[in-house]
Amino acid sequence: MNGEAAHLAHHFDTEEQQAASSKLGMWLFLATEILLFGGLFCAYAVYRGNHPDVFVYAHRFLDVPLGALNTLVLITSSLTMALAVRAAQLGKQKLLVAMLSLTLAGAFVFLGIKFIEYEHKWKHGLLWGERYQSQLHYGEAESEEGGTEEAPPSGEGAAPPIERSTFPPAAVGPRGLATGDREAAAEHGPAVEPEKVQLFFGVYFAMTGLHALHVIAGMVVIGWILVRARRGQFGKDYFTPVDLAGLYWHLVDLIWIFLFPLLYLIH
Amino acid sequence: MNEEGKVIAHVVPFRVLVGIWFALVLLTVITVAATRVDLGSANLWVALFIAGIKASLVGLYFMHLRYDAPFNALVLIGSLLFVVLFVGLALLDTVHYQSEMIPGYAPAMEQR
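Listed in order, the protein sequences are those of chains A and B. Start counting the first sequence at 1; every next residue gets the next number (my numbering). Start counting the second sequence at 1001; every next residue gets the next number (my numbering).
Honestly, the hints are just simulated from the structure, not real lab data. Beta carbons: idealized from backbone N, C-alpha and C, even for Gly. Keep in mind that the hints are not guaranteed to be accurate.
[What the hints assert, rightly or not] Label-pair distances were calculated between CB atoms; the ranges are:
| id | chain 1 | residue 1 | chain 2 | residue 2 | range |
| --- | --- | --- | --- | --- | --- |
| 1 | A | R230 | B | L1044 | 43 to 51 Å |
| 2 | A | D13 | B | L1091 | 41 to 49 Å |
| 3 | A | D13 | B | G1040 | 55 to 63 Å |
| 4 | B | A1042 | A | I116 | 28 to 36 Å |
[To be verified] Where chain A lies over chain B, by a calculated footprint (3+ residues, C-beta under 8 Å):
| id | region |
| --- | --- |
| 5 | 1012 to 1021 |
| 6 | 1024 to 1033 |
| 7 | 1044 to 1058 |
| 8 | 1067 to 1077 |
| 9 | 1080 to 1086 |
Taking the hints into account, I'd like the entire structure generated from these sequences.
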């Protein structure tokens, strides 16, 4: 293991001061990340405030169990990351490598689940902007050939542009429509699709997409730290990179902790 | 220096980390369960409140803020305040002009 002084840059008086400065620098970066996502949270707030019917309608297409599972996956990866930092502080290299590997594995699982969710949405045209395909057939599948005000979109690939429903939005128009089953309609929400449902999915993909990009970046960082850990570069006297990578990873977890209820658990 | 011979920083005990993890898992379960109970518009605030508690736990213990120099926590809280300012000021505009934007289309407001 290198001597204490080997890691001390010339412009710092002590190791403690150097570590504290590094940490402050990392926190300032995290503050910029918080503001970055803050912009998207602002978009969410404005869009949801102006189109609450869209959000109530569209969030049903999200898979809550998968979202909850992803939340637990990230929380657990945060634990393993914190344990990795602890292992580095105690000079336990094998444990450090193991914990970093587990954190990385958690990140893989998270992205895997996200991929499954995205794939499902791609298949069903639950996408942003012009790519959104009307889901009016969704309510019909629940209530066996109920009212067919519009032709359901044809399978995969190019569906002809669906004519927008001329019924007023759910908050104003009649609740549920010609499905013959009022209870099912009430339970599954309006069978009438509000206008501009693509707003929700635009917000959904922007927020979870940017978050996923941050997960990927975190995986690169943790992967690099893992390589360095295996080379024995961290120990009791120097573990700052592990510490800082940990802070970043916890922030990624923090952002998801807010994304999950806002996107998946709407009422 | 503490009893573990650490030179630089405080080491969070294993038990504390696992305990916090368990609390986070529990709070996640509660968050999901709470959506089954209909509290109207309060549902959103309950979910955000629980998320705030989870965030505090992650920040204080996983991210060391409890044991660090207070200025780090100040940076975090400062950024959150600016986000509140950001979103708050934007929202001042949001629902207020809705009924005038598109005639007859104002789902968030009472229909007159």
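Next on the checklist: When I compare C-beta atoms, does the region 1024 to 1033 of chain B have three or more residues closer than 8 Å to chain A?
Outcome noted: holds (count 5)
Item to check | Verdict on chain A covering the region 1012 to 1021 of chain B, where coverage means 3 or more residues with a C-beta closer than 8 Å | outcome: Check passed, 6 qualifying residues.
Item to check | Claimed coverage, the region 1044 to 1058 of chain B by chain A - three or more beta carbons nearer than 8 Å | outcome: Since three or more residues must qualify, the claim that chain A covers the region 1044 to 1058 of chain B holds, with 8 doing so at under 8 Å.
Next on the checklist: Is 55 to 63 Å respected by the C-beta to C-beta distance linking A:D13 and B:G1040?
Outcome noted: 58 Å, holds
Next on the checklist: Tell me if the beta carbons of A:D13 and B:L1091 are separated by a distance inside 41 to 49 Å.
Outcome noted: 47 Å, holds
Item to check | A:R230 versus B:L1044 beta-carbon gap, inside 43 to 51 Å or not | outcome: 45 Å, holds
Checklist entry - Can the region 1080 to 1086 of chain B be counted as covered by chain A under the rule of three residues or more with Cβ-Cβ separation shorter than 8 Å? => result Since 4 is at least three, the answer is holds.
Checklist entry - Does the hinted range 28 to 36 Å hold for B:A1042 and A:I116 at CB? => result The hint (28 to 36 Å, Cβ to Cβ) holds, given that B:A1042 and A:I116 are roughly 32 Å apart.
Checklist entry - Holds or violated: the region 1067 to 1077 of chain B covered by chain A, criterion of 3 or more residues with Cβ-Cβ distance under 8 Å? => result Our answer is that it holds, as 6 residues pass the Cβ test (under 8 Å) against chain A, meeting three.
The structure meets every hint from the earlier list without exception.
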